[in-house]
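Now for the letters of each chain:
There are 4 protein chains.
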Amino acid sequence: MKQSKLLKHPTIPFEIRENLTVAEALTAMSHTAFQARNLATAVDVWGAMLKGRTSIFLGLAGAMVPAGMRSVITYLIQNRMIDCLVSTGANLFHDIHESLGRFHFQGNAHMDDVLLQQEGVDRIYDVFASEPEFRRLDDYVSHFADTLDLDRPYTTREFLYLLGQRVSKEAESEGIVTAAYKAGVPIYCPAIGDSSIGIGLAARTQGKKFLFDIVADVQETALLSLKSKETGVIYIGGGTPKNFIQQMEVTASFWDPTVSGHEYALQITADAPHWGGLSGCTFEEAKSWGKIKKDARMVTVYCDSSIALPLIATAVVQRHKETITKRVHPNLLEMLAKNKIEGFKRA
Amino acid sequence: MKQSKLLKHPTIPFEIRENLTVAEALTAMSHTAFQARNLATAVDVWGAMLKGRTSIFLGLAGAMVPAGMRSVITYLIQNRMIDCLVSTGANLFHDIHESLGRFHFQGNAHMDDVLLQQEGVDRIYDVFASEPEFRRLDDYVSHFADTLDLDRPYTTREFLYLLGQRVSKEAESEGIVTAAYKAGVPIYCPAIGDSSIGIGLAARTQGKKFLFDIVADVQETALLSLKSKETGVIYIGGGTPKNFIQQMEVTASFWDPTVSGHEYALQITADAPHWGGLSGCTFEEAKSWGKIKKDARMVTVYCDSSIALPLIATAVVQRHKETITKRVHPNLLEMLAKNKIEGFKRA
Amino acid sequence: MKQSKLLKHPTIPFEIRENLTVAEALTAMSHTAFQARNLATAVDVWGAMLKGRTSIFLGLAGAMVPAGMRSVITYLIQNRMIDCLVSTGANLFHDIHESLGRFHFQGNAHMDDVLLQQEGVDRIYDVFASEPEFRRLDDYVSHFADTLDLDRPYTTREFLYLLGQRVSKEAESEGIVTAAYKAGVPIYCPAIGDSSIGIGLAARTQGKKFLFDIVADVQETALLSLKSKETGVIYIGGGTPKNFIQQMEVTASFWDPTVSGHEYALQITADAPHWGGLSGCTFEEAKSWGKIKKDARMVTVYCDSSIALPLIATAVVQRHKETITKRVHPNLLEMLAKNKIEGFKRA
Amino acid sequence: MKQSKLLKHPTIPFEIRENLTVAEALTAMSHTAFQARNLATAVDVWGAMLKGRTSIFLGLAGAMVPAGMRSVITYLIQNRMIDCLVSTGANLFHDIHESLGRFHFQGNAHMDDVLLQQEGVDRIYDVFASEPEFRRLDDYVSHFADTLDLDRPYTTREFLYLLGQRVSKEAESEGIVTAAYKAGVPIYCPAIGDSSIGIGLAARTQGKKFLFDIVADVQETALLSLKSKETGVIYIGGGTPKNFIQQMEVTASFWDPTVSGHEYALQITADAPHWGGLSGCTFEEAKSWGKIKKDARMVTVYCDSSIALPLIATAVVQRHKETITKRVHPNLLEMLAKNKIEGFKRA
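Chains as they are written, first to last, in the numbering used here: chain P, 1 to 347; chain F, 1 to 347; chain V, 1 to 347; chain A, 1 to 347.
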């Protein structure tokens with residue numbers, strides 16, 4: 001039997017070397033298999049996104065800020081390795097908590113939770129936080145809303161921009177919301193009510209009500225899809241951020257039927273496809289919906305994001321330094337400013 | 001060495017019997033271990049919730065309607081085995097799709113997705129659906145919004161109530177949204193923009209804008225917590241429905257610091273705690289936050305919901321028939337009608 | 001756009017009914033999706049295996065006996081729903097423990113393990129067992145070995161047959177090892193040293209050594225493959241039992257190159273394919289190796305075995321009663337007796 | 001409310017830096033949370049093992065060699081970062097395959113497996129291998145057995161030592177089995193029949209039979225436990241290697257009841273505890289059995305081993321260079337040579 005032509009690229013064993021950098025380690029993994037190979041491929045896919053005029057959307061789920069990922073996301077924003085952030089409310093709340101000089105703490109996943117409750121300590125797996133401090137931030141959000149013009153509704157993007165502006169004035173360190181404000185990177189939060197930001201706003205029962213225009217959020221992201229030359233997506237976990245970025249393509253296709261899905265796609269997940277849920281679903285499945293383009297460059301890394309995200313991001317910086325420096329990034333706020341939703345009609 | 005007193009209740013092997021009912025099978029499992037034991041315990045916890053004057057909140061995530069769980073949820077509503085539903089938008093959209101006489105189809109998880117896209121077929125793991133039919137429903141939602149008074153915002157609860165009313169008039173079969181409308185069971189959808197309902201509303205670019213009052217959703221559920229004698233939660237998967245029901249207790253505690261967490265808690269999940277995310281987090285962890293009461297009756301079943309939910313629900317019906325029939329269920333809509341949000345103030 | 005021909009079989013929602021039997025529930029699930037559908041398909045695949053002259057091999061991993069699955073396996077043997085068992089040593093050890101009138105106990109997965117150790121209690125997730133009792137069984141195995149003719153090595157099959165014979169004489173209840181002895185169902189244990197049986201034998205340091213002929217185990221199962229009309233496999237978990245049954249086909253193909261893989265295949269697993277390991281690998285992958293036949297009837301159920309196994313087995317009994325009763329099962333011990341390993345040569 | 005004393009060590013966000021080495025990245029992760037923190041802790045635990053006179057046992061499961069981990073394991077052996085290897089047969093078989101100048105290949109997890117079978121290509125998730133080449137190695141093993149003195153049985157350790165000696169003579173590159181032979185690092189393979197090595201030996205149907213003395217394997221490892229000052233364990237995946245190393249302590253305690261479990265423990269797994277199986281079980285659970293010492297230093301990393309192993313090993317080398325260089329490693333072969341099994345008696 002002749003050797004099959006499918007047997008072409010041998011796996012090359014990973015070699016331990018002193019002074020191996022993260023980028024070198026991931027390059028070595030590109031010749032291996034299983035999730036190590038996918039981890040390495042993620043660096044290539046992200047690198048490719050950075051090369052063209054691709055609008056890059058990052059979907060952020062999971063308690064990534066308490067888990068120490070705040071500076072990584074901040075770096076991505078400041079160095080324009082992403083152009084738009086879609087996040088759970090929790091990550092933004094936790095980010096502001098740290099911007100205002102407070103902390104999350106290393107804890108213990110097996111501590112007695114009734115005791116923690118009595119101590120005013122909230123637990124997120126092996127992270128602890130101060131419940132009284134969180135409540136002060138709920139109040140901060142509540143009072144911030146009082147300062148806004150309450151005669152009109154806000155997209156979550158506008159609200160978070162203004163909140164970023166406010167926090168910037170008193171921040172003790174740069175974080176996600178403040179860096180995004182400064183860099184003109186829009187942040188959307190599709191389930192903002194479902195977070196401590198929502199709690200803070202809900203606690204306001206007196207005075208004028210605060211209204212979000214969440215339908216406009218959907219419209220704006222569809223507009224961004226239409227006006228972008230290409231789109232790339234990076235999902236840290238699943239949840240609403242992933243779905244929200246996926247569905248941009250569907251909404252946009254109502255206005256322009258030639259819209260055909262994101263061109264680049266990278267996801268890090270600890271979920272699995274066989275449960276049938278959104279968080280674990282594959283990019284292949286997304287192609288059937290037209291959410292991902294049929295010939296998209298894409299990769300899924302099955303790994304805890306706290307491990308995979310900093311490694312991939314560090315390796316992208318190390319390997320694609322010049323591309324990042326020279327990148328002429330799409331200006332999404334300008335796209336939003338120049339186009340009116342009313343200009344779009346059902347095709 | 002004397003036998004430890006911890007060795008008290010022997011596991012009793014599951015015995016195969018002809019004509020074993022689901023309830024009998026789960027009772028047999030209550031004497032076993034691992035997830036079979038938890039599956040059985042779930043029947044007890046739900047049964048206990050049904051006995052008192054507990055307001056029961058069901059959080060529904062994952063594509064449960066395409067997976068054939070529509071009638072189970074409908075049954076739970078009609079027979080008042082739950083009192084409030086918090087759902088992803090997708091499940092409600094898919095439910096209306098079926099109510100209007102259309103279908104989801106058995107498919108194949110390994111089909112070529114580019115081919116499916118060309119055929120107008122959307123894939124959800126091993127389920128197929130017609131993209132053109134989904135688009136007709138997007139339009140339906142869009143046109144429904146046109147019929148509403150657009151001078152004021154709507155909670156998702158009101159919107160879904162009115163949508164249920166409308167669908168009821170033309171439904172070919174009873175489903176979740178229509179049954180909830182008829183039974184006075186409120187439905188909340190914390191990330192409604194992040195679904196085909198959101199897409200349908202976003203496609204409307206002409207005429208008056210449709211506004212959701214999502215902060216009021218948060219306030220209403222906190223009010224329901226305060227006015228309920230006790231609360232019980234059932235989570236099918238994680239995501240926003242789980243978080244939204246968890247955070248009720250935190251919001252409510254701003255108004256009344258004696259609020260101390262849900263008294264009963266049951267979750268079915270295929271996620272794991274060690275990734276640190278909300279979907280996989282334990283009820284123990286929730287106790288540290290005061291979201292679950294310190295002595296709550298609670299159980300987590302690690303299992304695909306498509307297996308666990310129908311089995312648990314069927315066994316509850318078989319085992320707790322009389323309790324269900326005689327149950328004087330809390331009237332949540334009445335609680336909402338009788339109390340004004342403005343009546344609540346920061347404690 | 002015309003409706004795709006792929007949209008043919010609508011999912012039919014699962015309907016809760018009082019007195020629903022397990023078989024009826026699983027039939028209802030056959031019209032649903034995700035793992036519920038696979039659970040139902042498993043009943044069909046097993047039913048199909050029972051119809052022909054298929055030799056059915058059950059691979060048993062995981063602490064299934066402590067988890068209350070002892071009677072299910074015993075039933076399968078007694079009613080000849082399987083023809084050969086390949087097991088971890090632990091399950092056989094735990095089975096004999098119960099046959100001799102001792103127990104496993106319902107415990108608590110979150111107990112202090114240092115305390116348990118002091119109490120002489122071994123923990124298997126939420127099951128407790130008595131360490132002193134286990135040690136008595138280690139001794140039992142040790143002394144049993146003393147009674148054997150130690151001038152020759154034993155296959156694990158012979159050893160377990162003789163052990164079954166011995167335990168039968170003093171058993172307080174029928175179990176796996178005793179039922180297999182009586183029914184003439186061979187049991188193989190490919191990693192028998194790696195279990196308390198191995199510990200028991202290793203503790204014997206005086207007198208003649210006990211020798212297993214594990215290579216003959218491999219040869220015998222390959223012979224069974226060659227002499228069986230068809231083969232079907234059922235894997236409860238992964239590990240050595242799964243691999244051992246898979247590799248039968250490879251070994252057999254050395255002697256007869258026309259051997260082409262098992263004709264029926266059913267597995268229950270909580271593992272996932274993307275980690276690249278044996279326990280989570282798909283039957284598709286096994287086809288590349290020739291371990292599973294290219295047109296095999298097969299199904300994978302992603303579920304805890306403590307839930308899926310008793311449900312599937314009960315439904316098979318309920319749905320395929322007559323097939324089971326009338327089944328003329330292959331006699332594997334006779335195949336082994338009639339054929340000599342020496343008769344097989346490299347093709 | 002005063003800030004709880006439990007809130008002591010803030011998480012410190014991971015900072016992306018150019019030229020960050022793997023060790024620096026993992027040190028940065030030690031201040032974060034979730035699995036990133038565990039990944040970092042693993043470096044500390046391994047470092048601590050290397051400092052004393054601890055005998056380090058590595059359990060190796062999963063297709064680690066096809067996945068490109070051969071050189072990592074070889075490095076660990078050559079630099080005496082481990083003292084004993086317990087492996088599945090597959091990894092050893094795959095290692096010899098590469099030592100003899102053949103390859104594994106990067107493949108595709110979604111390829112048509114029937115086509116692969118026709119092409120003579122075996123698939124392991126996303127790795128391809130040549131079936132004809134594997135069969136040549138089956139023959140190699142078979143013929144190697146012919147060269148041995150077949151009048152006596154062999155422990156798997158002896159067999160693999162002799163096989164390492166033989167392969168060394170014709171190896172084109174250094175690998176696990178050859179390096180272990182040269183370094184005097186014993187290799188045990190508790191389920192050797194259940195692998196291609198077993199297949200190769202089983203295909204020999206003529207001439208004297210080859211016999212393994214697997215009970216002696218169990219005895220030897222117990223002896224190593226008794227004669228070691230301290231023991232440390234590293235589990236890459238679960239399966240028989242993990243169980244085999246765990247049970248050493250139980251067997252040893254029959255001869256010396258003061259044996260109290262391994263002092264250091266590190267595991268990398270993609271499994272979860274809640275399924276009740278061995279591969280996912282915690283070290284806490286192992287304490288109840290006395291397999292892990294009550295005050296052991298231990299860590300579990302939930303991650304694909306193809307990612308976690310090379311990163312941890314590289315970081316250990318970078319961080320603990322001097323400790324490794326100066327380490328006076330325990331000589332396990334000498335322990336075996338100096339002590340007779342017959343010298344041990346039931347306590």
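Please note that a few of the clues may not be correct.
Since copy identity is lost for identical chains, a pair holds within one copy or between any two.
Said to hold, decoys possible - Straight-line C-alpha distance at most 20 Å; calculated EDC-like pairs for lysine to aspartate or glutamate:
| no. | residue 1 | residue 2 |
| --- | --- | --- |
| 1 | LYS229 | ASP139 |
| 2 | LYS208 | ASP295 |
| 3 | LYS5 | GLU133 |
| 4 | LYS209 | GLU322 |
| 5 | LYS8 | ASP112 |
| 6 | LYS208 | ASP151 |
| 7 | LYS338 | ASP44 |
| 8 | LYS5 | GLU230 |
| 9 | LYS169 | GLU158 |
| 10 | LYS227 | GLU334 |
| 11 | LYS182 | GLU334 |
| 12 | LYS5 | ASP139 |
| 13 | LYS321 | GLU170 |
| 14 | LYS321 | GLU18 |
| 15 | LYS8 | GLU230 |
| 16 | LYS2 | GLU322 |
| 17 | LYS338 | ASP112 |
| 18 | LYS169 | ASP139 |
| 19 | LYS208 | GLU342 |
| 20 | LYS345 | GLU172 |
| 21 | LYS51 | ASP146 |
| 22 | LYS294 | ASP112 |
| 23 | LYS208 | ASP146 |
Since the hints were made in silico from the structure, they are not lab data.
As the structure is a prediction and not an experimental result, all values here were calculated from the model.
So, going through the hints one by one against the coordinates:
no.: 1; hint: LYS229 to ASP139; in the structure: neither (41 Å within a copy, 28 Å between copies)
no.: 2; hint: LYS208 to ASP295; in the structure: neither (50 Å within a copy, 39 Å between copies)
no.: 3; hint: LYS5 to GLU133; in the structure: between (62 Å within a copy, 14 Å between copies)
no.: 4; hint: LYS209 to GLU322; in the structure: neither (48 Å within a copy, 45 Å between copies)
no.: 5; hint: LYS8 to ASP112; in the structure: between (54 Å within a copy, 17 Å between copies)
no.: 6; hint: LYS208 to ASP151; in the structure: both (8 Å within a copy, 16 Å between copies)
no.: 7; hint: LYS338 to ASP44; in the structure: neither (33 Å within a copy, 54 Å between copies)
no.: 8; hint: LYS5 to GLU230; in the structure: neither (35 Å within a copy, 33 Å between copies)
no.: 9; hint: LYS169 to GLU158; in the structure: within (17 Å within a copy, 39 Å between copies)
no.: 10; hint: LYS227 to GLU334; in the structure: within (10 Å within a copy, 47 Å between copies)
no.: 11; hint: LYS182 to GLU334; in the structure: within (14 Å within a copy, 47 Å between copies)
no.: 12; hint: LYS5 to ASP139; in the structure: neither (65 Å within a copy, 24 Å between copies)
no.: 13; hint: LYS321 to GLU170; in the structure: neither (32 Å within a copy, 45 Å between copies)
no.: 14; hint: LYS321 to GLU18; in the structure: between (23 Å within a copy, 9 Å between copies)
no.: 15; hint: LYS8 to GLU230; in the structure: neither (33 Å within a copy, 36 Å between copies)
no.: 16; hint: LYS2 to GLU322; in the structure: neither (45 Å within a copy, 49 Å between copies)
no.: 17; hint: LYS338 to ASP112; in the structure: neither (54 Å within a copy, 39 Å between copies)
no.: 18; hint: LYS169 to ASP139; in the structure: within (17 Å within a copy, 45 Å between copies)
no.: 19; hint: LYS208 to GLU342; in the structure: between (28 Å within a copy, 11 Å between copies)
no.: 20; hint: LYS345 to GLU172; in the structure: neither (45 Å within a copy, 31 Å between copies)
no.: 21; hint: LYS51 to ASP146; in the structure: neither (43 Å within a copy, 44 Å between copies)
no.: 22; hint: LYS294 to ASP112; in the structure: between (50 Å within a copy, 11 Å between copies)
no.: 23; hint: LYS208 to ASP146; in the structure: within (8 Å within a copy, 26 Å between copies)
Checked against the numbered hints given earlier, the structure breaks hints 1, 2, 4, 7, 8, 12, 13, 15, 16, 17, 20, 21 and satisfies all the rest.
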